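A.B. asks: One letter stands for each residue in the lines below.
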Amino acid sequence: DSGVTQTPKHLITATGQRVTLRCSPRSGDLSVYWYQQSLDQGLQFLIQYYNGEERAKGNILERFSAQQFPDLHSELNLSSLELGDSALYFCASSMGRGYTFGSGTRLTVV
Amino acid sequence: DAKTTQPPSMDCAEGRAANLPCNHSTISGNEYVYWYRQIHSQGPQYIIHGLKNNETNEMASLIITEDRKSSTLILPHATLRDTAVYYCIVRTNQAGTALIFGKGTTLSVSS
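Going down the list, the sequences are from chains X and Y.
Mapping of the first sequence onto our numbering: residues 1 to 110, in sequence order.
Mapping of the second sequence onto our numbering: residues 1 to 111, in sequence order.
It is worth saying that the hints were derived from the structure and are not from the lab.
Bear in mind the structure is a predicted one, so any value in this text is a computation, not a measurement.
Don't take every hint at face value.
[As the list claims (entries may be wrong)] Using C-beta positions, here's what the derived DEER-type ranges look like:
#1 Y:Q45 with X:T7: 19 to 25 angstroms
#2 Y:T26 with X:N51: 29 to 35 angstroms
#3 X:T5 with Y:D11: 31 to 37 angstroms
[Claimed, not checked] Which chain X residues stay away from chain Y? Per the calculated CB distances, all over 10 angstroms, these:
#4 T7
#5 T13
#6 A14
#7 T15
#8 Q17
#9 T20
#10 R26
#11 S27
#12 P70
#13 N77
#14 S79
#15 L83
#16 S86
#17 L88
#18 R106
#19 V109
Cβ coordinates follow ideal geometry from the N, Cα and C atoms, glycine included.
Take the sequences, apply the hints, and build the full model.
C.D. replies: Written out as structure tokens, the structure reads:
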């Protein structure tokens, strides 16, 4: 157990739908990062939050959004889902230099 | 962040040392070299990092050349469980700097 909790572990949904992925960071970590990993794209940085505020954006689609709540947990919202959104979604947290990753959410869009 | 170049794949016999190279010729003076690995679909795992001195921990050793343009991650006695994709990343240590992953090196350890 890395200390970073992601739920759900698996999610199957249909095209056009909307889903929410949740991440609870390691205790004390203020930064949360979201990554997408599809078979042909590798690990792509999506977005970072620090203590509730958006800090950096990577290759995140407009259909995707995220937020970090006062208790520091974060949610990644994916809408108007397409087949190509099928991927592993990882969350990581940090307080300073080191990153700790969760075990991911596997999203399958059918 | 500076870019890195790694070989796409490497093989290693179980029990032997695995030496994974990384080129980072445009690294800046305040950028560190980080190594992470990802074992089949699990979340990436931190291995080691360094600035200019060689570093060693319970998992691996990191050798950085004097000009800092390249480095080598050494797994002294590779096991089957070390089969993974290994990522070399350069970044500053400024808090909150995102890790940007490249394609990494797929290390296959066989018996």
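A.B. asks: Any hints this thing doesn't respect? Which numbers, in order?
C.D. replies: 17, 18
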